[in-house]
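Undergrad: In case you want the letters, here they are:
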Amino acid sequence: MLSVDLLTAILVATLGAGTPLALAAIGELVSERAGVLNLGVEGMMLVGAAVGFVATAESESMVIGILAGMGAGIGLSLIFAFLTLTCLANQVATGLALTIFGTGTSALIGAGYTGTVLVVRDSFSIPVLSDIPVLGALLFSLEPMTYLSLVIIGGVWFFLFRSRSGLVLRGVGDAPAAAHATGMSVILIRYMAVMFGGAMAGLAGAFLSVIYTPVWVENMTAGRGWIAVALVVFASWQPLRVLAGAYLFGGVTILQFHIQGASLGIPSQFLSMLPYLATIVVLVIMSSDAMRVKLNTPASLAKPFRAEG
Amino acid sequence: MAAIAPLSAALLTVVGGAILFSSLGHNSVDAFRAFFVTPVSDLYGIGELSLKMAPILLCALGLAIGFRGNVWNIGAEGQLIVGAICGGGFALALGKIDGLWVIPAILLTGAIGGMAWASIAAVLRTRFNVNEILVTLMLTYIAGLLLSYLVYGPWRSPTGFNWPVSSDLAASARLPRLIPGTRLNLGIVMSIVFTGCAWLFLARSHLSYRMEVVGLAPRAARYAGFDEHKLVWTSLLIGGAAAGLAGAIEVSGTIGKLREVVSPGYGFAAIIVAYIGRLHPVGIFFASILMALFYVGGEQIKVTLGVPSAITGIFQGMLLFSLLMSDVLINYRLRWYHNRPIATKGNTHAVS
Chain A
1149 MLSVDLLTAI
1159 LVATLGAGTP
1169 LALAAIGELV
1179 SERAGVLNLG
1189 VEGMMLVGAA
1199 VGFVATAESE
1209 SMVIGILAGM
1219 GAGIGLSLIF
1229 AFLTLTCLAN
1239 QVATGLALTI
1249 FGTGTSALIG
1259 AGYTGTVLVV
1269 RDSFSIPVLS
1279 DIPVLGALLF
1289 SLEPMTYLSL
1299 VIIGGVWFFL
1309 FRSRSGLVLR
1319 GVGDAPAAAH
1329 ATGMSVILIR
1339 YMAVMFGGAM
1349 AGLAGAFLSV
1359 IYTPVWVENM
1369 TAGRGWIAVA
1379 LVVFASWQPL
1389 RVLAGAYLFG
1399 GVTILQFHIQ
1409 GASLGIPSQF
1419 LSMLPYLATI
1429 VVLVIMSSDA
1439 MRVKLNTPAS
1449 LAKPFRAEG
Chain B
1332 MAAIAPLSAA
1342 LLTVVGGAIL
1352 FSSLGHNSVD
1362 AFRAFFVTPV
1372 SDLYGIGELS
1382 LKMAPILLCA
1392 LGLAIGFRGN
1402 VWNIGAEGQL
1412 IVGAICGGGF
1422 ALALGKIDGL
1432 WVIPAILLTG
1442 AIGGMAWASI
1452 AAVLRTRFNV
1462 NEILVTLMLT
1472 YIAGLLLSYL
1482 VYGPWRSPTG
1492 FNWPVSSDLA
1502 ASARLPRLIP
1512 GTRLNLGIVM
1522 SIVFTGCAWL
1532 FLARSHLSYR
1542 MEVVGLAPRA
1552 ARYAGFDEHK
1562 LVWTSLLIGG
1572 AAAGLAGAIE
1582 VSGTIGKLRE
1592 VVSPGYGFAA
1602 IIVAYIGRLH
1612 PVGIFFASIL
1622 MALFYVGGEQ
1632 IKVTLGVPSA
1642 ITGIFQGMLL
1652 FSLLMSDVLI
1662 NYRLRWYHNR
1672 PIATKGNTHA
1682 VS
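For the protein sequence lines, the chains are A and B, in the order given.
When we follow our numbering, the leftmost residue of the first sequence carries the number 1149, and every step to the right adds one.
When we follow our numbering, the leftmost residue of the second sequence carries the number 1332, and every step to the right adds one.
Some clues are possibly wrong.
To be verified - A few chain A positions that, by computed beta-carbon distances, are all more than 10 Å from chain B:
{"hint": "1", "residue": "Cys-1235"}
{"hint": "2", "residue": "Gly-1303"}
{"hint": "3", "residue": "Glu-1366"}
{"hint": "4", "residue": "His-1406"}
{"hint": "5", "residue": "Val-1441"}
Unchecked claim - What follows is a list of derived Cβ distance ranges for each label pair:
{"hint": "6", "chain 1": "B", "residue 1": "Gly-1426", "chain 2": "A", "residue 2": "Phe-1418", "range": "24 to 30 Å"}
{"hint": "7", "chain 1": "A", "residue 1": "Ser-1207", "chain 2": "B", "residue 2": "Gly-1426", "range": "54 to 60 Å"}
{"hint": "8", "chain 1": "A", "residue 1": "Phe-1405", "chain 2": "B", "residue 2": "Pro-1435", "range": "53 to 59 Å"}
{"hint": "9", "chain 1": "B", "residue 1": "Val-1592", "chain 2": "A", "residue 2": "His-1406", "range": "49 to 55 Å"}
{"hint": "10", "chain 1": "B", "residue 1": "Ile-1510", "chain 2": "A", "residue 2": "Ala-1392", "range": "55 to 61 Å"}
{"hint": "11", "chain 1": "B", "residue 1": "Ile-1350", "chain 2": "A", "residue 2": "Phe-1405", "range": "39 to 45 Å"}
{"hint": "12", "chain 1": "A", "residue 1": "Asn-1367", "chain 2": "B", "residue 2": "Gly-1484", "range": "20 to 26 Å"}
{"hint": "13", "chain 1": "A", "residue 1": "Val-1211", "chain 2": "B", "residue 2": "Ser-1353", "range": "29 to 35 Å"}
{"hint": "14", "chain 1": "A", "residue 1": "Gly-1263", "chain 2": "B", "residue 2": "Ala-1548", "range": "50 to 56 Å"}
What the hints assert, rightly or not - No more than 20 Å apart at the CA atoms, straight line, and that leaves these computed lysine to aspartate or glutamate pairs for EDC-like:
{"hint": "15", "chain 1": "A", "residue 1": "Lys-1442", "chain 2": "A", "residue 2": "Asp-1322"}
{"hint": "16", "chain 1": "B", "residue 1": "Lys-1427", "chain 2": "B", "residue 2": "Glu-1559"}
{"hint": "17", "chain 1": "B", "residue 1": "Lys-1561", "chain 2": "B", "residue 2": "Glu-1543"}
{"hint": "18", "chain 1": "B", "residue 1": "Lys-1633", "chain 2": "A", "residue 2": "Glu-1366"}
{"hint": "19", "chain 1": "A", "residue 1": "Lys-1442", "chain 2": "B", "residue 2": "Glu-1559"}
{"hint": "20", "chain 1": "B", "residue 1": "Lys-1427", "chain 2": "B", "residue 2": "Asp-1361"}
For the record, the hints were derived by calculation from the structure and aren't laboratory data.
All C-beta atoms in this analysis are idealised placements derived from N, C-alpha and C, irrespective of residue type, glycine included.
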């Protein structure tokens, strides 16, 4: 039977597995709130993972590695922003190109590093408090990045719904022409939103390769970037719901390992399908009410904007 | 006019590639020759090029029909894998049974498999309003895992030294080769015939006209009473059938058995090919040659210079980036101006 310890371990692992999803999804959420659909999340995550890993291996500093991963994500997002915002290219096609480009680039960057294992530092926990049974482990011994992701998501919620700049960003996503008429620089704001998305995707990728599984494997994100895009739909473009969705998917991933460990005779490939199947199921549930989707989606999502006059 | 942007995109990509090679510390002329010239300088090389071109061309034609109607099937890779599973599985089940019908039946099974896989996305889009981009993509991951399960599990060859491969297909189930001394098989002929069919369909059928109207002007299509659901179904079924056929051709022709990986991303490359070819069969035909060259070049350069073949992916991305950028220069006129003192701020970007 499930012991309390095992249950706690599963919950802690769930929060860890959900963290990269939460980070990538919150970045995409901000970008989509500004009206830009960036389907390059998977590519930006992969390059973030590769650059983060290589930088950590070379500098022997995790902080430098993770910052480098974020920088790489921003760099890639700038390509996307230039093409879609300045050159008015189709956002869907550009995003796909970014993912293909990022997959190739990350494989090239990481090529010399397959098989390298990063020296993992001791696990992190807050003394005394983390010794409290169950709650201590759940609240005070998580990955620092998990705490950071909570702070970021809270920050994004505050920014979007409690600050004037956030109101402007949402305005740019819903009615760019109106925002432009009131003197806002639609393109500049969208650039910044896309760059935030790139930074978060790079951070999520670097977290995966530097901390979560400290090895580099080609295509190691395994569709997490795409699941993050789906999570934004799942969350109806609400930051706090992104967190719920990310932990739900983290839970599905961890559950899959535990079922595998329990050796029930289910082939591992079928268990590995679970996150992708869950994504489809979630999308079906969230999308079937066409009216609700229409009300939640930023009104100008994926529509190019060109300032007139 | 229509060819200017794709041509300049190809040129830009080659220049970008040369810069990339020299930044990796290779002589860019040597690398260029190794990538683009050496692999196709003999008959065998041309055969390899056509071998890779066939599945890319098939997938891209199928996708282009959907893209014209704004149906974003980006899971051709998954439909190709399911086509390989169905065609290959059927061939394995037939064993040594011989007959003229064997190969057509295998290819048909593959095409039906691809159609069935794509129809999942069609049901979800028409019935539950689910975005087909994400669904077709998730289905691609699932198809890959399904194939992996089959070749590690029930279909694993008893004589394969525990490698994750199926038994070899019987000679009667293999596509005949066209030219001795090359690996070229009938697949390329079928893909060229399919190009002709796609051209006929796009240029001459009322159905494809309606699909295009839905893509260009959805509201006009609604007023005209065009059934959007029917168009979504048509797009996805044609795309799935073409990709499934490509998968069956790969298994029955090139590979000759099922293994864990049956395609190095042909289905994704096809998205780019569809764009570079301007969603037109003739353009797609030429674009698929270029894309096939990226693949054989990537393999060649891995052997001769030790550069990872992932460079093919970088080339693919660069190609699409430069096409999208070239489009701007053609669709818009660049006008450099300083901020004029007008009432609105914020229009400081160069494109106007």
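Undergrad: Each hint needs a verdict: does it hold in this structure or not?
TA: Evaluated hints:
1. Non-interface call for A:Cys-1235 relative to chain B: violated, since the shortest CB-CB distance, roughly 4 Å, does not exceed 10 Å.
2. At roughly 26 Å from the closest C-beta of chain B, the C-beta of A:Gly-1303 stays outside 10 Å, upholding its exclusion from the interface.
3. The Cβ of A:Glu-1366 sits about 7 Å from the closest Cβ of chain B, inside the 10 Å cut-off, so the non-interface label is violated.
4. Residue placement check: A:His-1406 keeps its beta carbon more than 10 Å from all beta carbons of chain B (closest about 18 Å).
5. A beta-carbon of chain B is positioned within 10 Å of the beta-carbon of A:Val-1441; the least distance is around 7 Å.
6. The hinted window of 24 to 30 Å between B:Gly-1426 and A:Phe-1418 holds, with their beta carbons roughly 27 Å apart.
7. Checking the proposed 54 to 60 Å range against A:Ser-1207 and B:Gly-1426 shows it holds: the Cβ atoms sit about 58 Å from each other.
8. Here the CB-CB span from A:Phe-1405 to B:Pro-1435 is close to 44 Å, at odds with the stated 53 to 59 Å.
9. Distance hint check: the CB atoms of B:Val-1592 and A:His-1406 are about 28 Å apart, inconsistent with the given range 49 to 55 Å.
10. Checking the proposed 55 to 61 Å range against B:Ile-1510 and A:Ala-1392 shows it holds: the Cβ atoms sit about 59 Å from each other.
11. The given range of 39 to 45 Å is respected by B:Ile-1350 and A:Phe-1405, whose C-beta atoms sit roughly 43 Å from each other.
12. As the Cβ distance of A:Asn-1367 to B:Gly-1484 is approximately 22 Å, the hint placing it in 20 to 26 Å holds.
13. Roughly 33 Å separates the CB atoms of A:Val-1211 and B:Ser-1353, a value that falls within the hinted 29 to 35 Å.
14. Taking the beta carbon of each, A:Gly-1263 and B:Ala-1548 are about 54 Å apart, inside 50 to 56 Å as hinted.
15. Distance check on the hinted pair: A:Lys-1442 and A:Asp-1322 sit about 12 Å apart at the alpha-carbon level, within 20 Å; holds.
16. Only pairs whose Cα atoms come within 20 Å are accepted, and B:Lys-1427 paired with B:Glu-1559 is rejected, the gap being roughly 45 Å.
17. Only pairs whose Cα atoms come within 20 Å are accepted, and B:Lys-1561 paired with B:Glu-1543 is accepted, the gap being roughly 13 Å.
18. About 16 Å separates the Cα atoms of B:Lys-1633 and A:Glu-1366, which keeps this hinted pair within 20 Å; it holds.
19. Proximity of A:Lys-1442 to B:Glu-1559 is assessed by CA-CA distance (about 18 Å); at most 20 Å being required, the pair is judged to hold.
20. With a CA separation close to 48 Å, the supplied pair B:Lys-1427 and B:Asp-1361 exceeds the 20 Å bound.
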